[in-house]
Structure formats: structure tokens, C-alpha cells
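Number of protein chains: 2
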Amino acid sequence: MARILAGCAEAHANIALIKYWGNRDHRLNLPANGSISFNLDALLTRTLVVFDPKLTEDRLVINGQERRREEHRRMQRILAWVREKAGVYHYAHVISATNIPMAVGLASSAAAFAALALAATKALGLHLDERDLSRLARRGSGSAARSVPEGFVEWRVGTRDEDCYAFTLFPADYWELWDCIALVSTRPKPISSMEGHRLAETSPIQWARVADTPRRLEVCRNALRNRDFNALADIVEQDAHLLHAVMQTSTPPLFYWEPVTVEIMHTVRQWRKEKGWNVCYTLDAGPNVHVICTGDMVARVQEALEAIPGVQQVLVSRVGKGARVLPTHLCMDLAQQGRIPTHWL
Amino acid sequence: MARILAGCAEAHANIALIKYWGNRDHRLNLPANGSISFNLDALLTRTLVVFDPKLTEDRLVINGQERRREEHRRMQRILAWVREKAGVYHYAHVISATNIPMAVGLASSAAAFAALALAATKALGLHLDERDLSRLARRGSGSAARSVPEGFVEWRVGTRDEDCYAFTLFPADYWELWDCIALVSTRPKPISSMEGHRLAETSPIQWARVADTPRRLEVCRNALRNRDFNALADIVEQDAHLLHAVMQTSTPPLFYWEPVTVEIMHTVRQWRKEKGWNVCYTLDAGPNVHVICTGDMVARVQEALEAIPGVQQVLVSRVGKGARVLPTHLCMDLAQQGRIPTHWL
Chain A
27 MARILAGCAE
37 AHANIALIKY
47 WGNRDHRLNL
57 PANGSISFNL
67 DALLTRTLVV
77 FDPKLTEDRL
87 VINGQERRRE
97 EHRRMQRILA
107 WVREKAGVYH
117 YAHVISATNI
127 PMAVGLASSA
137 AAFAALALAA
147 TKALGLHLDE
157 RDLSRLARRG
167 SGSAARSVPE
177 GFVEWRVGTR
187 DEDCYAFTLF
197 PADYWELWDC
207 IALVSTRPKP
217 ISSMEGHRLA
227 ETSPIQWARV
237 ADTPRRLEVC
247 RNALRNRDFN
257 ALADIVEQDA
267 HLLHAVMQTS
277 TPPLFYWEPV
287 TVEIMHTVRQ
297 WRKEKGWNVC
307 YTLDAGPNVH
317 VICTGDMVAR
327 VQEALEAIPG
337 VQQVLVSRVG
347 KGARVLPTHL
357 CMDLAQQGRI
367 PTHWL
Chain B
27 MARILAGCAE
37 AHANIALIKY
47 WGNRDHRLNL
57 PANGSISFNL
67 DALLTRTLVV
77 FDPKLTEDRL
87 VINGQERRRE
97 EHRRMQRILA
107 WVREKAGVYH
117 YAHVISATNI
127 PMAVGLASSA
137 AAFAALALAA
147 TKALGLHLDE
157 RDLSRLARRG
167 SGSAARSVPE
177 GFVEWRVGTR
187 DEDCYAFTLF
197 PADYWELWDC
207 IALVSTRPKP
217 ISSMEGHRLA
227 ETSPIQWARV
237 ADTPRRLEVC
247 RNALRNRDFN
257 ALADIVEQDA
267 HLLHAVMQTS
277 TPPLFYWEPV
287 TVEIMHTVRQ
297 WRKEKGWNVC
307 YTLDAGPNVH
317 VICTGDMVAR
327 VQEALEAIPG
337 VQQVLVSRVG
347 KGARVLPTHL
357 CMDLAQQGRI
367 PTHWL
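From first to last, the protein sequence lines stand for chains A and B. Going by the numbering used here, the first residue of the first sequence is number 27, and it counts up by one from there. Going by the numbering used here, the first residue of the second sequence is number 27, and it counts up by one from there.
Same shape as in the complex, but just chain A (with noise of 0.2 Å):
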């Protein structure tokens, strides 16, 4: 065994088509409520992890960019679980690339972080199934559990960290869908989503969105299941405008939407009743807005989005692989972006 313990790892960020928001155990991230997504093709994050005797700290960077000690903190809860695994106690260098805006709402965490939990359990020789990898990228983002599958993913509610896991429920090619993000806004968030989820429980609402869950959880299963687009589409936000529901009625209250989140909002419902076009929305934490659509829609979707006033670019993504590790000899790059030693890959 080398001296250098190296893996590296890439995942994509998912869309959730019903929402996880709130935690009943803030710790390990167990959520109140079950959820689905799909991952997104286009917005990749790749890792490498190199745990290095010689340091006396970790160290994370992420495009090229050192990122203080502040911002370690959710990356300790999977470095310690993998140290402890693997009776490792090195330090690590932790180098991340992703073309995927941060801070914006896009979910960049939950790639982040299913791919960190791929890369330092290789890098250890630890070789986790899909589940347990799922629960520990679960730790450090909940939504990470679910860019572990691949595909169209339901991420269970479960009783404990033992069961609360994601799972594929159908592959990337069930059905070609597509989504179409116009983003609005590149400000960070006000707020970020580990914090928002705390604040879940402060809604008078969150209580109901949660007991409807398995509701939803249902009509989305099936309407994915039978591929019918306007069963899904209904569901999907209706979903969308509880998760807002609740943050807007949280205290302090969330409020994301801009005008031109409503705009769209107002513009996509329109195709789809007026138009006939499969096209729905979807929003997370933030302004922008997911355009959910048929492979068939993609090309027009994008065009419209893009020529309403506000919209400042609209990044498209068909449906998505799972993580998986990657030949340390193709992150070259990113060893360099770290200053590691091409030679110790």
C-alpha cells in the first residue's frame, strides 16, 4: 500500500421533484420527509481526495480556490466517519472542481458532497455499497444522498441513519426529461440550506406538508412510472409551492422568489395549458426556476426562457448518471489545481 492514499470521484447535482426540507435529526441529516429527483447530467463536481501523512491540517479547494477553515466544517463530518472506518489518521488535501454556480440554489452541495464521500472511501480502500455510500454522502448534505443512484432517485424517509438512504427508482434513459434552469439571480443566498432547514419547524405548515408527504411521494412514482407528463407536472408544483409555503411562513421568513421567478412561473403554466407543451416548474432554495421538460421540448423551452426579460442564462441538463470513481491518472488536474504531485496519483 503506497504511502499517498488517493481517490478521486465525480457526481452530478440532482432537481428534487418532491422537496426535502427539515430535519429530525439535524446531526446526520435525517429528513422529515422522504423525496425524489433526478440527477442533472450537466452540472458535474469531481474530487480528489489525497490523504497526506505529512499534513498538519486538511486543506480544501475548491476551483482552484483554498477555502478557509469556516468553510470545513460539513467536509470533517465525512473525513471523520471515513478515518474512523478506515483506522486512517491522516490529514487530507481535498481538491474539488465544478461548473456548478454555488451558492445560488442550484444544489452544488449535494454533488459536492456524494462525490467527496465516493473519492475518501476509495482513497481508503473502503469499498461501501451504493446504500451505506448514499448515508454518508446523506452526512455531509442531505440532498447528497440522493446523487449517489443514478437516474430518477428516491431518497427514503426511514426511522434511523441504518435505513435512510436513496435508491434508483427508475434509470438516467425511462424517460428522456429534461431541465431547463433560467437563472434570475447569481446573488448568494440570503440564507444558506443548512440553515433553512432548521428553520423548517418554525412554519405552522410544515407539520401538514410533512403528513401529505407519502401522498405525493405516490403520484410522483406513478407519474414517472407511466410517463405522464401532466400527472407529473401538476404534482411537481404543487410540491414546489409547499416547500415556498413553508419558507415563506417560517420564522424569520424565507422569501427567494424575484419577479421574474414569478414571471416565469406564470409564463411555463401558461405553455402548458395554452401551448400544449410538456413543460412544468420547479424552484429550491433560491429565485431561479427549474423547467422541467420532454426531450422533444428542450430546444424551444430554452429559446423562450432565454428571450424573457430577466432571465440571464438558462443551463440545460438531461437526466444523469449516478457517482463514480474515476482513474486517479485522469485528475491530473486537479492535483495540479491543488499543488499535489502529479507523480503521487
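If you're looking for bench data, these hints aren't it; they were derived computationally from the structure. You may find that some hints are simply not true.
Given that identical chains are not distinguished, each listed pair holds provided it fits within a single copy or across any two copies.
As the list claims (entries may be wrong) - Computed cross-link-like contacts, SDA-like style, restricted to lysine to any residue with a CA-CA straight-line distance of at most 25 Å:
id : residue 1 : residue 2
1  : Lys299    : Ile217
2  : Lys299    : Pro278
3  : Lys111    : Leu150
4  : Lys301    : Pro278
5  : Lys299    : Gly321
6  : Lys111    : Trp370
7  : Lys80     : Leu356
8  : Lys301    : Phe281
9  : Lys299    : Pro279
10 : Lys347    : Gly321
11 : Lys347    : Asn89
12 : Lys299    : Thr277
13 : Lys299    : Gly222
14 : Lys111    : Glu83
We have chain A already, so just place chain B on it with the hints.
Positioned in the frame of chain A, the structure of chain B alone reads:
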């Protein structure tokens, strides 16, 4: 007793601070939850009712326009009750004039049915106390129950018809609050409030909103009692978001907000948080924003709202009195609008 039985009354619209949405009895308009409002002095409806033995069907004239029979349905609820009570079965001329823009979510029906209930009972010599008049007005439109008493008003949820009425919490001059109504659209509503109330129960969070109402009523009563603007602002905005959360998650969804609606909400919150203005927002079933403020703020709030692109007009109103009888000789103009001989009055 004269052959011609005439009564005239006026009543104000009101703005709910804690909203009414959903009925447990749609025929009697027994509400799902209690509510609190104040009357809007500047938004007034005057109504003349004349029971006429020569008439072969009821007539309804609003602002000089004869209304079609299909629009008489809710009026019939009031007239039927009054005829039965008085034992007088003549048809009636109902002549009404209002300065309230209709069907844009400004509660024109609240003022209308409060004035109608009072004018009709007066015409037939019935002397209802305030409580019974509030119950009668409620049959026409739930929120009309709140336009009967003066000032700051609470509408008790009650247990049945008899104890489901509104009463004055504080007189109009208890606290100098104003409502600055930013009109952003005068398009007719996609769906009437009456139909909307029937949809409330299709939202998965309506029951949680209802269950939480006693708390909100208590917080609101205390904020009014203590003239504590910040406490009022927090509960009024939370309650408005709860109302729209239910609307936006009902089946079919009701989505009343326009982009400028959201712009105003952000702006008002900013005025309060950053400039320290006594100002907060609420919204009824429509895209217009009611901006509540203290008396010292009215001029600058009105001016600042008018400067927001997309705001068409700003109506301002202080807290108003309750419904009241007018001497019929002051209603000559109404008689003329309805082409009734003025010597009948």
C-alpha cells in the same frame, strides 16, 4: 305604513389582518377559521332597497347599471331571509353605488352585503341588533359580517349560525392605521372569492392553517391592543403568506401574484427592516398589495408606492366606521340611478 317600503344604508369595505379562507358551511358561510380586519373608511358602498308590490321580479342596479339575473343569486339569500322575517313578500329594487373597483380583490362584496342587509331590514321595519345584522350580512358574503361593526373587528368562528358574527375589538380611533392599496392590475379575477373558498379544502395545508388560527388571532389582538407595529407586521405578513400558500397549493391552484406584487412585498419589507418605517403588507384574493402603515407614514408610503413601476394607482384609507342607516331623503341620487320616483322616499 306606506305602500312603498324603502331603506337606505352605507357600509365600508374592510381589510383582513388575519384572513378568512374556506367555509365549514357554504350555504351559511360559516367560516373555517376566525378572522380580524379593519374597515376602510375611503371604500364605501351606499345601497337603497325599495320593496314594491308592483314589481314582478327583483332588480339590482350597481353604479347605474342594471345587472343580469345570474348576478342576483347572493342578493337573494339576504332578501329571502328578510322577507320571511318580516312576512312581506314584495319584490325589491336594489340600487347601489360604490367607489370600490369591483372584482379586483378589494372586497367590494363585503361592503355591498353589509349595506344591503342593513337597508333591506330597515326598509321592512326590522330592527336587528349589530350581532344579528352581522350574521345576516354573512349570508351574502362571509367577510361582509366584518363590515357591520365599527373599527377593528373580529369575526368569531363560532359553532353555528347563532354565534358566528363579528364584533368591534377596538374603535376606529384606537390606533391611527392606514391602508395604502397598490393597484397593480384591474383585470377581472380568474376565479371569484366565493369559488375560491370552496377550493380551500383541496389544499393539503389548509387544515394546518386553520388549526394555527387561534395563535395568530391572539398575537394580532395583542399587537393591536398594545399598538405594537412590529408585532403586527410579523403576524399580518405571515398570515397573508399562509392564505396564498393554501391558494397556490389547492387543486386547481390559484396563483394571484404578479411580478410587481413580489417587487412590492420585497420593497415594503426593506422599508421596515432598513429604514425603520412602520409598514407591512397583506394581500387578499388578487395581485394588489395592501400596505398597512401608521398615520405619520401615509404620505411618504403613498408616494414611494406610486414610484414603483407597474403600480397603477394607490388608494389610501384610514380605519372606518361600521354600517349605518341613511335617511332615505339623502339617497335621491340612488333613486334616480334606479329610475325610481324620488317622491317614494
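Hints, verified against the model:
Taking the shortest Cα distances, Lys299 and Ile217 sit within 25 Å of each other only across copies (16 Å), while inside one copy they are farther apart (34 Å). Taking the shortest Cα distances, Lys299 and Pro278 sit within 25 Å of each other only across copies (12 Å), while inside one copy they are farther apart (35 Å). Taking identical chains as interchangeable, the C-alpha atoms of Lys111 and Leu150 lie at most 25 Å apart only when both belong to the same chain, with a minimum of 9 Å there against 87 Å between chains. For the identical chains of this complex, Lys301 and Pro278 are inter-copy neighbours only, at 18 Å across copies versus 39 Å inside a copy, given an alpha-carbon limit of 25 Å.
When the C-alpha separation of Lys299 and Gly321 is checked against a cutoff of 25 Å, the pair qualifies only within one copy, where the shortest distance is 19 Å, while the shortest distance between copies is 45 Å. In this homomeric assembly, Lys111 and Trp370 come within 25 Å of each other (Cα to Cα) only inside a single copy, at 23 Å, whereas the closest approach across copies is 95 Å. For the homomeric pair Lys80 and Leu356, the shortest alpha-carbon distance inside one copy (24 Å) is at most 25 Å, but the shortest distance between copies (95 Å) is not. Only between protomers do Lys301 and Phe281 lie at most 25 Å apart by alpha-carbon distance; the minimum there is 19 Å, versus 30 Å within a single protomer.
Taking the closest pair of Cα atoms, Lys299 and Pro279 come within 25 Å of each other only across two copies (13 Å); inside a single copy the shortest separation is 32 Å, beyond that limit. Proximity of Lys347 to Gly321 under the C-alpha cut-off of 25 Å is restricted to the intra-copy arrangement: shortest distance 17 Å within a copy versus 60 Å between copies. In this assembly of identical chains, the alpha carbons of Lys347 and Asn89 lie at most 25 Å apart only when taken from the same copy (22 Å versus 64 Å across copies). Within a single copy, Lys299 and Thr277 get their C-alpha atoms only as close as 35 Å, which misses the 25 Å cut-off; across copies the closest is 15 Å, which meets it.
Proximity of Lys299 to Gly222 under the C-alpha cut-off of 25 Å is restricted to the inter-copy arrangement: shortest distance 20 Å between copies versus 33 Å within a copy. Taking the shortest Cα distances, Lys111 and Glu83 sit within 25 Å of each other inside one copy (19 Å), while across copies they are farther apart (86 Å).
Checked against the numbered hints listed earlier, the structure breaks none of them; every hint is satisfied.
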